[in-house]
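> Here is what each chain is made of, one letter per residue.
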Amino acid sequence: MKILAAFILVLVLAAIPYAGIQYAGMTTVFGIIIPYAAVIIFIVGVVYRIVKWARSPVPFRITTTCGQEKSLPWIKQNKLDNPSGTAGVVGRMALEILCFRSLFRNTRSELRDGPRLSYGSTVWLWLAAIAFHWSFLVILIRHFRLFSQPVPHFINVLENVDGFLQIGIPTLYITDILLLAAVLYLLLRRIALPQIRYISLIADYFPLFVIFGIGLSGVLMRYFYRVNVIGVKELVMGLIAFKPHVPPDIGTLFYIHLFLIATLFAYFPFSKLMHMGGVFLSPTRNLANNNRMVRHINPWNYPVHVHTYAEYEDEFRDKMKSVGLPVEKE
Amino acid sequence: MYNSGKIIIGLVLFIGLVTTPIWFNIGKADVKPDPSLNTPVIQQMKVKHCIESKQFMIDNHMRLLYDWRYAVVRDNMTIYKSTTGQYFTMSLETTCFHCHSNEKQFCNQCHTYANIQPYCWECHVKPAQESANGH
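Protein sequence lines, in the order shown, are assigned to chains L and F.
Using the numbering used here, you'd call the opening residue of the first sequence number 1 and step up by one each time.
Using the numbering used here, you'd call the opening residue of the second sequence number 331 and step up by one each time.
Calculated from the structure, these hints are not laboratory results.
One or more hints might be untrue.
Said to hold, decoys possible - Here are the computed lysine-lysine pairs in the PhoX-like style, where the Cα-Cα straight-line distance is at most 25 Å:
(1) F/K336 with L/K272
(2) F/K411 with F/K376
(3) L/K243 with F/K384
(4) F/K362 with L/K243
(5) F/K411 with F/K378
(6) F/K336 with L/K52
(7) L/K79 with F/K336
(8) L/K272 with L/K2
Whole structure, please, built from the sequences with the hints as guidance.
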């Protein structure tokens, strides 16, 4: 049901620019106003979310310890999995952000004959996640050819490596296939595994469908139903130079692609996609495990208003004496 | 806000990255492509017409050339029959470049603008005029 709702939502979202361009000719709305609005929502929203997170105090160092802590000199510390200094934390964060190290640790539990519970490593989720994220990044960087004039050289290098197979015309990009395959896997995983389907929400399916829609419309545009790429670049260059104008006859498919991207951008700050910023702020990863070396002061209850025994005695000394209780200071 | 120094550095980096296209292109002239049909051979043509219609060629020239390559190299088919019933030799160098002898002013206009890198010159020789210019 949730799957269907998210799917229909994305279909409706794709139909909006189709109707708007095909029947109403609203190229200014879909080519200029909506993209600008989406980018503004994206930037302001992300900054707002990050600042909001940064305003929450971290009361204690809650690092996850996945290896030997720094201890006596003859005990070997696991510097990456239980860092005690900045260098270790940077290494740990880099592995987490670039290689999804914690996802790589994903395990699966199975009840075998016996009955015997067994645990095994399962890397399929990690594999699909890494294929998806890196392909998405490469595709995003490749799009810079439409956002720059002249196009920097490293874009050409990236395109040549990505199109290394030289299949078809225009050349097939490896990342296009990887992205669609990985998104499809991540989607089917949610649908096929009952436990994961049970915990999945519309907010889980929706971004997957939107990203699949973006990828699909992009692939269709490049390989099947061609659009006027010169017109696309003119539109984009106009937008980023703040001299927007819409060239005629770009193709409706492009507006569907653009509208779905605008949807993703505008939806981003309100969604789970904020893990892009959140991964940098996860206290279980970005803090050094140095609780025994450095005093970490809880920011929300310091200074603590304490009433020591000496003060207590000062306050009640007369009363204590009068009932015969012993006092430390006369 | 806690750790405001690091947070602000991060946010500035984020905004800087997102707005890369804006500041990257400041002060750079946005030259629109303008493919030129002004070559001696085209000038002399009475009816200025490519092997197919203009719109077809704009949309499909790359596919046509791709199909030609396949037909010539794999199937030894060297004659193309256009939709108007005319026959042409399937050849980039002798058919296309016979009229479009100005690669820089014609092909490269759009290809450079949209950063399309056709790998024609891995096998083909560039038209003589362009080679003479040392391009």
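> The structure should be examined with respect to each hint, and the outcome stated for every one.
Hints, one by one, checked against the model:
1. F/K336 with L/K272: holds (23 Å)
2. F/K411 with F/K376: holds (21 Å)
3. L/K243 with F/K384: violated (30 Å)
4. F/K362 with L/K243: Distance ~14 Å between F/K362 and L/K243 Cα, so the pair holds.
5. F/K411 with F/K378: Roughly 18 Å separates the two Cα atoms, so the pair holds.
6. F/K336 with L/K52: holds (14 Å)
7. L/K79 with F/K336: With a Cα-Cα distance of about 23 Å, the restraint between L/K79 and F/K336 holds, given a limit of 25 Å.
8. L/K272 with L/K2: Cα-Cα ~16 Å, so holds.
When the structure is compared with the earlier hints, a violation turns up for hint 3 alone.
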